[in-house]
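Asker: Modelling step: build the complete structure from the supplied sequences, incorporating the hints.
Protein chains in written order, with the numbering used here: chain V, 5 to 479; chain S, 6 to 101.
Check each hint, because a few of them may be wrong.
[Claimed, not checked] Covered by chain S, per the in silico footprint, the following chain V stretches (three or more residues, Cβ under 8 Å):
id	region
1	324-331
2	341-352
3	374-388
Since the hints were derived computationally from the structure, they do not count as laboratory data. The structure presented is a predicted model; accordingly, all values stated were derived computationally and were not measured. Glycine is no exception: its CB is placed at the ideal position from the N, C-alpha and C atoms.
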Amino acid sequence: MTLEGLTIAKARRLIQAGELSPVQLVDAVQAAIERTDPAVGGYLSRDYQRARALAEKTDITLPLGGIPVAIKDVINVEGEPCTCASQILQGYVAPYDATVITKLRAAGAIPFGRTNMDEFAMGSSTENSSIQITRNPRDPERIPGGSSGGSAAVVAADEALASLGSDTGGSIRQPAALCGCVGMKPSYGRVSRYGLVAFASSLDQIGPFTHTVEDAALVLQAMAGHDPLDSTSLDLPVPDYSATLNDGVKGLKLGVPKEYFIEGMDSQVEARVRAAIEVYRGLGAEIVEVSLPHTKYAVADYYIIATAEASANLARFDGVRYGKRASAPRDLADHYGRTRGEGFGKEVKRRIILGTYVLSSGYYDAYYLRAQKVRTLIRRDFEEAFQKVDGLLSPTSPVPAFKIGERMADPLQMYLADIFTIAANLAGICGISIPCGDAEVDGKKLPVGLQIMAPAFAEARLLRMARAYETARLA
Amino acid sequence: MSAPHLDVRYIANLVRLRLTEEEVAELQPQLDHVLSYIEQLDEVNVDGIEPTAHASAVYNVFRADLPRDGFTQEQATANAPHSGNGLFLVPKVVEG
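Answerer: Encoded structure:
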């Protein structure tokens, strides 16, 4: 048994036919990790014994019965570490399950392994992890994207059938694009964040990484829905995502936002995405150009709103209730200052400082309030576009995976890596990245991602649009 | 207009982040650079535009006020750097 080419759908068929047991599947995951992860570095920790114990008693009649799912190190799984790849949370053991974990367990899935990430999900390359570097499975000299780089890399490298990530400004879609797998950000309010360590609460969403769109529908189905423990999760019915998956795109109107094809973007990325758009035309979709005029302000807007919220959310790391504490403090200010100064990495400090500044007296109106108003304009751009079209097609990232170290000295260059993904978070809509070919760079084939966006709570349509391309490509 | 400036040392003290001199020297120009980029939002006309605090328009969400299980004292203090007798132990902060 090998994980190569194995999808959740296939594994489920094998398990139900009695040709594969959940324990054998865990064995296969272990073999794949031992073979591949030393070179990739996607996992921070793993507990095979625990996974086997769960596999032995899993109910295989459930929708995800016996399927191991790797978990980004920002989501609490009872009894496992949840370090957010930060020094300040070394030694922390989660005392409870996040709601997505409770739901995955109820669907028969086995939460297994902790995946690497940028510290507290702040970054676009996973280089801000305080623990280890994760390498792009296609080229070890390149980054896997971020912040959910570990979750993307372990799926792309066939070390996991699926994984969970979190997406605040593109942290699922961008690494999925750069590693060459499917990564989906559900609409704001579709999936509960209870048990997700908060970064920017008005933007964060949890979503799946998978090999196929079909698998993404299966994982989302298990996680979606209202949770009384997250007041921002909406009480709306959850449609059957698999039921409409293969309905095709004939007759749908798909928009191509002109602001997403910019000067300076990689020519191979543009060519692959334009070719994918032609595939949609061939499948019977009507392609129209649309405009999202405030797109160019999305990155600036995001770095005010996200850092403001982060500066408040990360105030909880005070060295009292959990995490590391600086030794022998002189006084209270010294206790806090050194605990946080020693515990947080550089990018986290940059963002806390920026976020505090934009919220501070005298600057609040000029930065934070103005940013919230610009956010309204960005949201309206999408509302107007979705009155004309059913979905939007664009590149996920303007460039393929860049080299390790290349953007670390210049934070702004790193922030611009998310230029095409951030607006969806600000608007609260759903988006997905699917592989649409490769860019050849220095003799390496680097994956290119096609981003599809749909209105809030139109996940069924989003998955159906993504599946149409996937089916055509695999045919 | 002069280039925007954020006093890293001052803000870091407000948020209780002890920085080394090297960190201040590195973060200061980086943050000023990011701030200059962010200033482009000044071009946008936001007259009469309502702010968006979060994407889904739900307010005042209530759930049934029913008791449910929470952490035991032992669970709640299990991750504390210092604890004893089911309490969080902290450095002395009040003199006298």
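Asker: For the region 374-388 of chain V, does the count of residues with a C-beta closer than 8 Å to a C-beta of chain S reach 3?
Answerer: holds (count 9)
Asker: Per the coverage rule (Cβ-Cβ under 8 Å, at least three residues), is the region 341-352 of chain V covered by chain S?
Answerer: Coverage by chain S holds for the region 341-352 of chain V (7 residues, Cβ < 8 Å).
Asker: Apply the coverage criterion to the region 324-331 of chain V and chain S: a residue qualifies when its Cβ sits closer than 8 Å to a Cβ of the chain, and three qualifying residues are needed.
Answerer: Three-residue rule met by the region 324-331 of chain V, so holds; n is 6.
Checked against the numbered hints above, the structure violates none of them.
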